[in-house]
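All chains should be modelled from the sequences, with the hints used to inform the complete structure.
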Amino acid sequence: MTKPKALFEYLIRHADDTLILGQRLSEWCGHGPILEEDIALTNIALDLIGQATELYEYAAQVENKGRTADDLAFLRLEREYKNVLLVEQKNGDFGKTIVRQFLFDNFQLLNYTQLLNSSDAQVAAIAEKSLKEVKYHLKHSSEWVIRLGDGTEESHQRIQESVDDLMRFVEELFFQNEVNELLQEDKLIGDCEEFKQQFHQNVNNVLTEATLTIPDIKYHQKGGRKGIHSEHMGFLLAEMQYMQRTYPGMQW
Amino acid sequence: MSNKEWPLWEVFIRSKQGLSHKHAGSLRAADAEMAINNARDVYTRRSEGISIWVIESNKIVASDPDDADALFEPSNSKVYRHPTFYAVPDGVGHM
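Residue numbers (this note's numbering), protein chains in the order written: chain A, 24 to 275; chain B, 35 to 129.
To be clear, the hints were calculated from the coordinates, so they are not data collected in a lab.
We put the beta carbon where it would ideally sit given N, CA and C, even for glycine.
There's no promise every hint is true.
Quick list of in silico lysine-lysine cross-link-like pairs, DSS-like style, CA-CA up to 30 Å [as the list claims (entries may be wrong)]:
1. A:K158 with B:K56
2. A:K158 with A:K245
3. A:K152 with B:K50
4. A:K119 with B:K38
5. A:K245 with A:K162
6. B:K93 with B:K50
7. A:K119 with A:K162
8. A:K162 with B:K56
9. A:K155 with A:K28
10. A:K162 with B:K50
11. B:K38 with A:K113
12. B:K93 with B:K38
13. A:K158 with B:K50
14. A:K162 with B:K93
15. A:K155 with B:K56
16. B:K38 with A:K162
17. B:K50 with A:K155
Part of the chain A face toward chain B, derived, beta carbon under 8 Å [stated by the list, open to error]:
18. E59
19. H163
20. R170
Pair by pair, the computed Cβ-Cβ distance ranges are [stated by the list, open to error]:
21. B:P108 with A:K152: 51 to 59 Å
22. A:T234 with B:H57: 31 to 39 Å
23. B:G125 with A:W275: 51 to 59 Å
24. A:W275 with B:D103: 51 to 59 Å
25. B:L105 with A:A147: 55 to 63 Å
26. A:H243 with B:S85: 38 to 46 Å
27. A:L154 with B:I89: 25 to 33 Å
Structure, rendered in structure tokens:
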């Protein structure tokens with residue numbers, strides 16, 4: 024594999040993570056539990072789609088085959104999406120959306136922090152800009168995890184179920200293969216194993232404060248990084264791609 | 035499920051350094067941190083501010099509209115309290 028190909032693949036992975044989670048969050052538009060939270064979730068969705076745009080634009084430039092960011096976002100097949108399984112999981116109740124967000128925010132915070140040191144100026148710049156957004160996302164999701172976990176009997180029980188359900192998707196966030204190794208040689212990216220312990224410590228601290236139990240995961244769900252998705256992905260793409268598939272090249 | 039409503043909060047936004055916080059509106063939130071977060075999302079998403087104050091609405095003490103006559107009428111007849119009897123030199127800009 025050549026280095027530009029590896030960089031393209033790496034950018035696509037993270038662009039897909041943010042686009043798919045942004046799409047999921049935007050499903051809350053008009054359905055938030057309260058007006059303020061409706062706006063908060065859609066604000067976060069827009070931040071994530073903004074990050075995806077920058078990553079896709081750079082990926083398209085690196086690929087240099089005339090594809091645009093929109094082509095990458097809307098005109099690929101399911102197997103070509105490399106997002107982790109976590110982000111495509113259904114919204115569930117508000118608590119489940121929050122837990123999914125909380126786990127992803129924790130990863131993004133540490134990953135972008137590491138990418139600040141990237142030898143690629145464009146990657147470092149995207150990380151720096153995104154980091155400010157992620158800090159707020161994490162503050163928002165962490166506070167809700169504590170509020171719901173340490174809230175009523177019902178909110179505690181429901182968010183605990185979501186934690187138990189979603190923790191099996193965490194390991195895939197730390198997926199690495201030859202793409203990462205190639206890019207690490209030139210210090211384009213870092214080794215995410217370096218902050219894995221920190222990730223678990225940060226997550227556990229908040230879950231403990233929220234009086235939640237950290238589940239012991241025996242079997243980790245993986246596949247998204249290789250293009251093998253859960254059954255929810257096809258439905259998500261059908262909705263997301265519908266307009267561009269039906270009216271190719273449409274703009275508004 | 036509890037149907038108890040969250041308390042109402044008043045939001046004040048400072049748009050830039052040197053200006054004072056101005057009342058922007060109100061919102062509901064369960065606690066102070068949520069009120070700040072919600073205010074950030076609802077009232078500063080178009081770069082309206084650099085600082086937010088929130089206060090629970092029931093902590094605000096307001097004047098009684100029935101007292102308006104006693105409170106505000108007397109000053110109407112005291113025009114000399116306005117600095118309108120001074121000629122402002124041309125060199126002075128905005129007064």
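Discussion item. Hints numbered earlier in the text: which of these fail when held up against the supplied structure?
Written reply: none
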